[in-house]
Amino acid sequence: MQGEENLFKEYLAKFLYYFIPFAERFLNYLRENVSPYLAEVMNYLQNLSENLPVNFEPYILIFILLIVLGVIFNWKLERREEKKEKKKEISELLLAFS
Amino acid sequence: MTDKKLLRKGIFTVISSLFFYVALPYIIYTKYLVQFTQLSLESYIDWIMRMGVIMAGIQFFKSVSSEKSTRHALGDLLLSIVYLVFFFKLFTLKVTVDVAENIMFSISMEGFIYIYLLAALIGIFANVIKVFEVWAIARRRESF
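Protein chains in written order, with my numbering: chain A, 1 to 98; chain B, 1001 to 1144.
Treat the hints loosely; a few may be bogus.
[Claimed, not checked] As a list, the in silico DSS-like pairs of lysine-lysine whose alpha-carbon atoms are at most 30 Å apart:
hint, chain 1, residue 1, chain 2, residue 2
1, B, Lys1130, A, Lys88
2, B, Lys1130, B, Lys1004
3, A, Lys87, B, Lys1068
[Stated by the list, open to error] Beta-carbon label-pair distances, calculated as ranges:
hint, chain 1, residue 1, chain 2, residue 2, range
4, A, Arg31, B, Phe1020, 35 to 41 Å
5, B, Ile1011, A, Leu12, 54 to 60 Å
6, B, Ile1015, A, Leu77, 19 to 25 Å
7, B, Ile1103, A, Glu10, 50 to 56 Å
8, A, Glu50, B, Phe1019, 27 to 33 Å
9, A, Leu48, B, Ile1015, 26 to 32 Å
10, A, Leu93, B, Lys1031, 55 to 61 Å
11, A, Val54, B, Ile1011, 27 to 33 Å
12, A, Pro53, B, Ser1040, 18 to 24 Å
13, B, Thr1037, A, Ser35, 40 to 46 Å
14, B, Ile1011, A, Leu27, 46 to 52 Å
By construction, these hints were calculated from the structure, which means they are not laboratory data. Just so it is clear, the structure is predicted and the values come from calculations on it, not from any experiment. Beta carbons are placed, not taken as given, at the ideal position from N, Cα and C, and that holds for glycine.
Given these sequences and hints, build the entire structure.
Below is the structure:
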C-alpha cells in the first residue's frame, strides 16, 4: 500500500512538473488573445441588457410573432417533407422489388 | 396542411414553458417571497417573466418543426442566445437586503458572468455549426 502511494505521489509530481508551466502559458495565452474579445462581448451585452425594454408589450409581441412564424413554417414545410419521405420510401420499395 | 402531431406537441410545450417560466415564478413570488420584506426580488421575478415569454415562443417555434430540420436547429440557436442575454441580465442585477436601520447589503453575482459567458459562447458557436450541418444534410438529401 505504501509503495503504491509513493508511486502515485511520484507520478503526480511528474505530472505537475510538466502541467504547471503548460497551464501558466495557456492562461497567459488566453489572457492576451481571448480576454479582449470577451471584454468586447461583455460591453456589447452590457449595452444590450441596459437597453432592453421594461414593458411587457414588446415581449408579448415577439412571442406572438414566433408562434405565427412557427405555425406558418409548420403549415408550409412539414407536410411537404412528410410527403417527400413517403415518396422516397415508395421508390426504395420499388427498387427493392425490381 | 399543418402537421397536427407536431402542432399538438408545440402547444403542449408552450403551455408548459409558460407555466414554468412565467406562472410559477409569479406564484412563488406572490405567495412566499413577498413575506421577506427585507429582500427586493421584484426585478428578478420581472426579468424571469419577461424573458420567459420569449423563451416560450422560441420553444414553440422549435418544437413545432421536425427534428433534424434547419428550423429545429435555428430554434436551438435562438434559445441559446436568449439564455445568454437572460442570464447576463440576471447576473448583473443586484439584490438589496435591509438588515437593520441604516444598514443595507447589496448582493451581486457578477463573478459568475465570465464563466457563463465562455460556456454560452462555446454553446452558441456549436449551435451555429449545427445549423449549417443540418442545412447541408437537407440540401444533399434534396439533390438525391
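Verification of the supplied hints:
1. As the CA atoms of B/Lys1130 and A/Lys88 are separated by approximately 25 Å, the hinted pair is consistent with the 30 Å bound.
2. This hinted pair checks out: B/Lys1130 and B/Lys1004 have alpha carbons roughly 26 Å apart, not beyond 30 Å.
3. Proximity of A/Lys87 to B/Lys1068 is assessed by CA-CA distance (about 18 Å); at most 30 Å being required, the pair is judged to hold.
4. For A/Arg31 paired with B/Phe1020, a C-beta distance near 39 Å keeps the hint of 35 to 41 Å intact.
5. Separated by about 56 Å at the C-beta atoms, B/Ile1011 and A/Leu12 satisfy the suggested range of 54 to 60 Å.
6. For the pair B/Ile1015 and A/Leu77, the beta carbons lie near 23 Å from each other, so the given range of 19 to 25 Å is met.
7. A hinted range of 50 to 56 Å holds for the C-beta pair B/Ile1103 and A/Glu10, which are about 54 Å apart.
8. In this structure the hint that A/Glu50 and B/Phe1019 lie 27 to 33 Å apart at CB holds, the actual value being about 30 Å.
9. Between A/Leu48 and B/Ile1015 the beta carbons are some 29 Å apart, a value that agrees with the proposed interval 26 to 32 Å.
10. In this structure the hint that A/Leu93 and B/Lys1031 lie 55 to 61 Å apart at CB holds, the actual value being about 59 Å.
11. For A/Val54 paired with B/Ile1011, a C-beta distance near 29 Å keeps the hint of 27 to 33 Å intact.
12. Roughly 21 Å separates the CB atoms of A/Pro53 and B/Ser1040, a value that falls within the hinted 18 to 24 Å.
13. Separated by about 41 Å at the C-beta atoms, B/Thr1037 and A/Ser35 satisfy the suggested range of 40 to 46 Å.
14. The given range of 46 to 52 Å is respected by B/Ile1011 and A/Leu27, whose C-beta atoms sit roughly 49 Å from each other.
Comparing the model with each numbered hint stated earlier shows that all of them hold.
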